[in-house]
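Undergrad: Residue strings, one per chain:
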Amino acid sequence: MTTVITRTTARIVVPIILVVAVSLFLQGHSLPGGGFIGGVLTVAAFTLVYVAYNLDYLEAGVLDREVDYDRHIGQHRTVAAYRRLFVFGLAVVVGSAVAGLFVGSPFLAQTYTYVHLPLFGEIELASAVVFDLGIYCVVVGGLLTIFSVVGAE
Amino acid sequence: MSLLALAPMLAVLLTGTAALLVRGWPRLQRGVSVLGTLGYAGAVGSLCWQVVSGGAVVYQVGGWRAPFGITLVADALSAFMLALTAIVAVYAVVFSVRFIDDRNQRVYYHPMFQFLLLGATGALLTGDLFNLFVWFEVMLMASYVFVAFYGNAQHTAAAVRYVVLNIIGGVLMLLGIGGLYATTGTLNMADMARVLADPGGVTGAVVGLSALIFVTFALKAGLVPFQFWVPSAYRAAPLPVVAVFAGATKKVGIYAIIRLYFTVFGNADLSVAVPGADAGSSIGFLAPVLVLMGVASILVGGLGAVTRDSLDELFAYSSIGQIGFIAVPIGIAAASTGSLRHLGVLAALVFAFHHAVTKGLLFLSTGVIRDAVGTTRLSRLGGLADSSPAFASVMLVGGLSLVGIPPLAGFFGKLFVFDAASRRFAVAAAGTETTAGAAAILLVLVVGAVLTILYSTRAWMGAFWGGQTEAVVRGRIDPVEVALLSTFAAVVLASGVGFEPIVQFADAAADAALDTDGYVDLVLGGERS
Chain A
1 MTTVITRTTA
11 RIVVPIILVV
21 AVSLFLQGHS
31 LPGGGFIGGV
41 LTVAAFTLVY
51 VAYNLDYLEA
61 GVLDREVDYD
71 RHIGQHRTVA
81 AYRRLFVFGL
91 AVVVGSAVAG
101 LFVGSPFLAQ
111 TYTYVHLPLF
121 GEIELASAVV
131 FDLGIYCVVV
141 GGLLTIFSVV
151 GAE
Chain B
1001 MSLLALAPML
1011 AVLLTGTAAL
1021 LVRGWPRLQR
1031 GVSVLGTLGY
1041 AGAVGSLCWQ
1051 VVSGGAVVYQ
1061 VGGWRAPFGI
1071 TLVADALSAF
1081 MLALTAIVAV
1091 YAVVFSVRFI
1101 DDRNQRVYYH
1111 PMFQFLLLGA
1121 TGALLTGDLF
1131 NLFVWFEVML
1141 MASYVFVAFY
1151 GNAQHTAAAV
1161 RYVVLNIIGG
1171 VLMLLGIGGL
1181 YATTGTLNMA
1191 DMARVLADPG
1201 GVTGAVVGLS
1211 ALIFVTFALK
1221 AGLVPFQFWV
1231 PSAYRAAPLP
1241 VVAVFAGATK
1251 KVGIYAIIRL
1261 YFTVFGNADL
1271 SVAVPGADAG
1281 SSIGFLAPVL
1291 VLMGVASILV
1301 GGLGAVTRDS
1311 LDELFAYSSI
1321 GQIGFIAVPI
1331 GIAAASTGSL
1341 RHLGVLAALV
1351 FAFHHAVTKG
1361 LLFLSTGVIR
1371 DAVGTTRLSR
1381 LGGLADSSPA
1391 FASVMLVGGL
1401 SLVGIPPLAG
1411 FFGKLFVFDA
1421 ASRRFAVAAA
1431 GTETTAGAAA
1441 ILLVLVVGAV
1451 LTILYSTRAW
1461 MGAFWGGQTE
1471 AVVRGRIDPV
1481 EVALLSTFAA
1491 VVLASGVGFE
1501 PIVQFADAAA
1511 DAALDTDGYV
1521 DLVLGGERS
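Chains as they are written, first to last, in this note's numbering: chain A, 1 to 153; chain B, 1001 to 1529.
Just so you know, these hints were derived from the structure itself, not from any lab. There's no promise every hint is true.
[Unchecked claim] Partner residues aside, some chain A positions facing chain B, computed with beta carbon under 8 Å:
{"no.": "1", "residue": "Gly104"}
{"no.": "2", "residue": "Ser105"}
{"no.": "3", "residue": "Pro106"}
{"no.": "4", "residue": "Gly121"}
[Stated by the list, open to error] Selected chain A positions facing chain B (Cβ under 10 Å, derived; list incomplete):
{"no.": "5", "residue": "Ile73"}
{"no.": "6", "residue": "Ala81"}
{"no.": "7", "residue": "Arg83"}
{"no.": "8", "residue": "Val87"}
{"no.": "9", "residue": "Leu90"}
{"no.": "10", "residue": "Ala91"}
{"no.": "11", "residue": "Val93"}
{"no.": "12", "residue": "Val94"}
{"no.": "13", "residue": "Ala97"}
{"no.": "14", "residue": "Leu101"}
{"no.": "15", "residue": "Phe102"}
{"no.": "16", "residue": "Phe107"}
{"no.": "17", "residue": "Ala109"}
{"no.": "18", "residue": "Gln110"}
{"no.": "19", "residue": "Tyr112"}
{"no.": "20", "residue": "Val115"}
[Stated by the list, open to error] Derived Cβ-Cβ restraints for the label pairs, each shown as a range:
{"no.": "21", "chain 1": "A", "residue 1": "Ile123", "chain 2": "B", "residue 2": "Arg1098", "range": "30 to 40 Å"}
{"no.": "22", "chain 1": "A", "residue 1": "Val62", "chain 2": "B", "residue 2": "Arg1103", "range": "32 to 42 Å"}
{"no.": "23", "chain 1": "A", "residue 1": "Arg84", "chain 2": "B", "residue 2": "Ala1483", "range": "55 to 65 Å"}
Beta carbons: idealized from backbone N, C-alpha and C, even for Gly.
Assemble the whole structure, with the sequences as input and the hints as a guide.
TA: As structure tokens, this is what we get:
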């Protein structure tokens, strides 16, 4: 799959996918979208990079780090980072779900407020974004761990 | 007070996440997992106390009122099932620390164990049909990992079979739930019960749609003809997890059947003519299905267990048979009304309790043998009683309870099942119906009991009596594991000797299962919490 056509397409498409993913993630609490779908789209962008280049491109080509090819893929630094992202995301989800209990609200309760920023105008700040961020991290971390390990086999 | 309904779920959720966070420190992770499970048991215990002494509690997650939000409902039925889950879970997790070798414990064993528990707990507590599906999936995701845990060809094959089967089951359940949502306009179980109780409402399609969901519940419970995943999955998964599979997650399928058909459909006028069903019962259509599946399970499980060579496979087949003993009284309850219906559900719950503790003990005992000898094949075992008389008596307690010898837990389980079956026979004999069906049920129950005696005797004598084989002489039984299991055996014994509180609790659970109006009031009538 690592043809010139795929690579060129990936170069153009990947940034677009990432931007759409972020916008879906940010609007998720009041419009269609959210952490899950944003995360899945992000994973799609990463997977496209993996398919068009290779599994080590992210580490060697983008981050410009040494890749230890002898180690099992599960021990690669990117995969370890995905795993940490997954655990971090889960902690954020649980933390934001429990947070309400400490201020006397029910489990998983969410709230929102409006703030006025110069240039931007009214902006809605929702606590659901924190929960969504956790889900986003779980989805990205979990799926990318699976894809890199299974992809290497 | 309503926070108590959330407490068990919160305990496992926090423990599972904490176990992931401290993954780099294996000893700490084990400590977190064991302490968290004890905390879970504590939460379940205080919830049970609240439910028994002060009545059921409801928790509206996120502050969204039923029927719009997701409601957690902890009534006596949920609390009873949670209690038996908690007992098995505590012993399984402590046993795992000793039984599973260090390297394997590090690969997400403890977090996955907690998430398995989380799925079961969520399914038992939720008051929302779609949420039930989600918790089933959580439970399944964790069990997929455990079936494939050891990662050899045999385990992977079992896992693939298990995954494919459960995905099909999940799709059917989703179709059924979607259909129920389309016909009744709600997913909240209490609200659905209210809509269905309305005379002239949509009811015809509900029966067919609920059958789709029923298939998934039966698959989860491992009833014939959906039993074929059980032996291979149970042989593949780590034995402490199998104790939880057999003791707790199978019972979630049984719980879901009772909750959906008796609580939600209890007041509905689902007049569907099915041959063999009592026309006076609103869910009579369920009776022939459940009784047939239960009877087939008893026979298939019993005959399978008698012929198996390895202990874990023998007990896996035995689980299939014992689930049949739970399904038959539920079927009898579905066919009847009034006190016999109550007795049927009560018998199923008492038997479920007995099976959870007894089979939990037996699977963990099998773990001790696997740990000491390295095999569970009866042909390579023998004379274990000479190595450890204490362990022999622990497993004897489990075997005798399975057979149903008083005063162990199993005796009362069987007593209630036979009581329900013989009363059904008496009802049939007194009325104009033919007694052949009720007599056949009784006959199969007797055959099932005899088969249980056969395979329990065979398992115990094969492993503990006779001359010591070479493998047994070389093996060494872990005294710590035996000490742990002897306290579990004491629980089995105590739950038989001090049976009164358990039967009262089960009685309250059966009351809650049949009290549709009370359930609707509880969920929809309560003020915002």
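Undergrad: Take the hints in turn and mark each one as holding or not.
TA: Each hint, compared with the structure:
no.: 1; hint: Gly104; result: 11 Å, violated
no.: 2; hint: Ser105; result: 6 Å, holds
no.: 3; hint: Pro106; result: 4 Å, holds
no.: 4; hint: Gly121; result: 29 Å, violated
no.: 5; hint: Ile73; result: 15 Å, violated
no.: 6; hint: Ala81; result: 14 Å, violated
no.: 7; hint: Arg83; result: 9 Å, holds
no.: 8; hint: Val87; result: 5 Å, holds
no.: 9; hint: Leu90; result: 5 Å, holds
no.: 10; hint: Ala91; result: 6 Å, holds
no.: 11; hint: Val93; result: 8 Å, holds
no.: 12; hint: Val94; result: 5 Å, holds
no.: 13; hint: Ala97; result: 8 Å, holds
no.: 14; hint: Leu101; result: 8 Å, holds
no.: 15; hint: Phe102; result: 12 Å, violated
no.: 16; hint: Phe107; result: 5 Å, holds
no.: 17; hint: Ala109; result: 5 Å, holds
no.: 18; hint: Gln110; result: 7 Å, holds
no.: 19; hint: Tyr112; result: 13 Å, violated
no.: 20; hint: Val115; result: 23 Å, violated
no.: 21; hint: A/Ile123 with B/Arg1098: 30 to 40 Å; result: 55 Å, violated
no.: 22; hint: A/Val62 with B/Arg1103: 32 to 42 Å; result: 33 Å, holds
no.: 23; hint: A/Arg84 with B/Ala1483: 55 to 65 Å; result: 39 Å, violated
Checked against the numbered hints above, the structure breaks hints 1, 4, 5, 6, 15, 19, 20, 21 and 23 and satisfies the rest.
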